[in-house]
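Protein chains in written order, with the numbering used here: chain A, 142 to 286; chain B, 142 to 286; chain C, 190 to 266; chain D, 190 to 266.
It is possible that some hints are incorrect.
[What the hints assert, rightly or not] Distance condition first, Cα-Cα at most 30 Å in a straight line; then the derived BS3-like pairs of lysine-lysine:
#1 A:K164 x B:K272
#2 D:K195 x D:K252
#3 A:K164 x D:K252
#4 A:K204 x D:K252
#5 A:K272 x D:K206
#6 C:K252 x B:K204
#7 B:K170 x A:K170
#8 A:K204 x A:K164
#9 B:K204 x B:K170
#10 A:K272 x D:K195
#11 A:K204 x A:K272
#12 B:K204 x C:K206
#13 C:K195 x B:K204
#14 D:K206 x D:K195
#15 A:K272 x B:K170
#16 B:K272 x C:K252
#17 B:K204 x B:K164
[Unchecked claim] Which chain B residues stay away from chain C? Per the calculated CB distances, all over 10 Å, these:
#18 S143
#19 D152
#20 W154
#21 K164
#22 L167
#23 G169
#24 R182
#25 A192
#26 E196
#27 H205
#28 D218
#29 S248
#30 P252
#31 K272
#32 A275
#33 E281
Hints were generated in silico from the structure; no laboratory data involved.
Beta carbons are placed, not taken as given, at the ideal position from N, Cα and C, and that holds for glycine.
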Amino acid sequence: MSVELRGEPFDPWQELQNHQNAKPELAGKFGATSIFIGTMRDFNDGNDVQAMTLEHYPAMTQKHLDTISSEAGERWDILDTLVIHRYGDIQPNDPIVLLAVWSAHRSESFPACRYLIEELKTRAPFWKQEKTGANSRWVEYNTPE
Amino acid sequence: MSVELRGEPFDPWQELQNHQNAKPELAGKFGATSIFIGTMRDFNDGNDVQAMTLEHYPAMTQKHLDTISSEAGERWDILDTLVIHRYGDIQPNDPIVLLAVWSAHRSESFPACRYLIEELKTRAPFWKQEKTGANSRWVEYNTPE
Amino acid sequence: MSITVKFFASLRETIGKANVNLDADNIATAADVWRIASGNHEPVDNMLIAINMEYANLGETVKDGDEVAFFPPVTGG
Amino acid sequence: MSITVKFFASLRETIGKANVNLDADNIATAADVWRIASGNHEPVDNMLIAINMEYANLGETVKDGDEVAFFPPVTGG
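The following block holds chain A by itself, in its conformation from the complex (with noise of 0.2 Å):
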């Protein structure tokens, strides 16, 4: 179980390649793997956004995602979870956040990993300001799901 909070730009697929290499026990384990990335848009609401700063509160996020981790672990037959999410400036394309959950079954990873980003949307302390133009704004709220 890793949570890692970063502030440059990082690449999902060396860590997930990373991570998988790093633990050769899970190896033969897992049947199903079900990752998430939320990946910065050039455009949200209607207007261009030409770059983001993502404001957090570091230990505190760091809690949460510890926290929403373990919980997943408690309520599905999961062997592993891995968070990694940006703060800091980032640019469109970039990966903001990447979830991946390992499981025997798919039927434990695909609920599991769509309740780390629900429950990371409503709970981890994260502030997104868009610079949309010469202007920036807050991101007033996430969308539902």
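Once you have looked at the hints, place chains B, C and D on chain A.
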């Protein structure tokens, strides 16, 4: 929308990277990527499994995977899909299937990805034969979900 | 009437053949194809049938040039 | 009683401060912390409150050494 049948092992992370790199027009447009990877386990139904052979009906398999991908594109507002499925001799820890869905929002990518795997499991003509010790056995049915 | 018949997986082993080219006049449905190509084998429980790569029933009509396949429940993914 | 107060995102801009160290005796609840640290600003709609990094309500009791944070709805992921 890509559907590929593979007779040799593939690296899901490399495939995902290649697929995204080959679609620069998607950059900045997708906010959500949902991915499922089915991987061969070294145990099933209480037995150790040393290897597996995956038989298929090539033209029908291709046709039905194409159909399932098209259906996902009609039912959800998604930007792209990737389906890669192995056939032939497979070793434990080898990826069997890779499914990926790109969309603006996660409310589309999650159910579309789940749809792909559930429909594939019931409609795509593949048959698993497992080698357990000196014996081999046909897997008679897939888990319902 | 000429029909290409295919058997897959455990059904291929049960029948002992992978491919059969039928050339007969007394064929109207997939059930006829099964009967002749399998050598009067009883239809197998849960058996699936495809005519020209679309799922079909034993009662479905076949026509000259069709490809008819018989196989057990699928287990991909 | 000593309380560390944090404001984040649009609330930080509204209040004009990121961090405040309160040292006062007339503090019982998060509402008191808000009132004093914000300079009598009206509580903001949908404002979230955390005491020692757990979500809390304005009515919740605070104690010496607590860290109390105020922020708008979260928008990560």
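Tested hints:
Simply put, A:K164 and B:K272 have alpha-carbon atoms about 25 Å apart, close enough for the 30 Å limit, and the pair holds. Our distance criterion of 30 Å between C-alpha atoms is met by D:K195 and D:K252, whose separation comes to about 16 Å. Taken as a hint, the A:K164 and D:K252 pair is broken in the structure, with Cα atoms around 43 Å apart against an allowance of 30 Å. A distance of roughly 21 Å separates the Cα atoms of A:K204 and D:K252; the hinted pair therefore holds under the 30 Å criterion.
In summary, the hint linking A:K272 to D:K206 is supported, as the alpha carbons are separated by about 22 Å, within the 30 Å threshold. Taking the CA atoms of C:K252 and B:K204, the gap is about 21 Å. The hint holds against a cut of 30 Å. At roughly 36 Å between alpha-carbon atoms, B:K170 and A:K170 are farther apart than 30 Å, so this suggested pair is violated. Our distance criterion of 30 Å between C-alpha atoms is met by A:K204 and A:K164, whose separation comes to about 23 Å.
For the hint linking B:K204 to B:K170, the alpha-carbon distance of about 29 Å falls within 30 Å, and the restraint holds. With a C-alpha separation of about 24 Å, the suggested pair A:K272 and D:K195 falls inside the 30 Å cut-off, and the hint holds. Our distance criterion of 30 Å between C-alpha atoms is met by A:K204 and A:K272, whose separation comes to about 29 Å. With a C-alpha separation of about 24 Å, the suggested pairing of B:K204 with C:K206 holds against the 30 Å cut-off.
At roughly 17 Å between alpha-carbon atoms, C:K195 and B:K204 fall within 30 Å of each other, so this suggested pair holds. Pair hint D:K206 plus D:K195 holds up; C-alpha atoms about 8 Å apart against a cutoff of 30 Å. Distance check on the hinted pair: A:K272 and B:K170 sit about 17 Å apart at the alpha-carbon level, within 30 Å; holds. The suggested pairing of B:K272 with C:K252 is violated, with an alpha-carbon distance near 39 Å, which exceeds 30 Å.
At most 30 Å may separate the alpha-carbon atoms for a hinted pair to count; B:K204 and B:K164 meet this at roughly 23 Å. Distance check for B:S143 against chain C: the nearest CB is about 17 Å away, which clears 10 Å, and the non-interface claim stands. Every CB of chain C is more than 10 Å from the CB of B:D152 (nearest about 19 Å), matching its label as outside the interface. Even its closest Cβ contact with chain C, about 19 Å, leaves B:W154 beyond 10 Å, as expected for a residue assigned away from the interface.
The claim that B:K164 lies off the interface holds: its Cβ sits roughly 24 Å from the closest Cβ of chain C, which is beyond the 10 Å cut-off. At roughly 25 Å, the least C-beta separation between B:L167 and chain C is larger than 10 Å, which holds for a residue marked as non-interface. Its beta-carbon lying about 32 Å from the closest one in chain C, B:G169 satisfies the requirement of being farther than 10 Å from that chain. For B:R182, the requirement that its beta carbon stay farther than 10 Å from each beta carbon of chain C is met, with the minimum near 13 Å.
For B:A192, the requirement that its beta carbon stay farther than 10 Å from each beta carbon of chain C is met, with the minimum near 15 Å. Non-interface status of B:E196 relative to chain C is broken: a Cβ of that chain comes within 10 Å, the nearest being about 5 Å off. Against the 10 Å criterion, B:H205 falls within the reach of chain C, whose nearest CB is about 8 Å from its own CB. No beta-carbon of chain C is positioned within 10 Å of the beta-carbon of B:D218; the least distance is around 25 Å.
The non-interface label for B:S248 is consistent with chain C: the shortest C-beta to C-beta separation is roughly 24 Å, beyond 10 Å. The beta carbon of B:P252 is kept farther than 10 Å from every beta carbon of chain C, the shortest such distance being approximately 17 Å. Under the 10 Å C-beta cut-off, the non-interface status given to B:K272 relative to chain C holds; the minimum distance is some 15 Å. No beta-carbon of chain C comes within 10 Å of the beta-carbon of B:A275; the shortest separation is about 17 Å.
In this structure B:E281 is not separated from chain C by more than 10 Å, as the shortest Cβ-Cβ distance comes to only about 7 Å.
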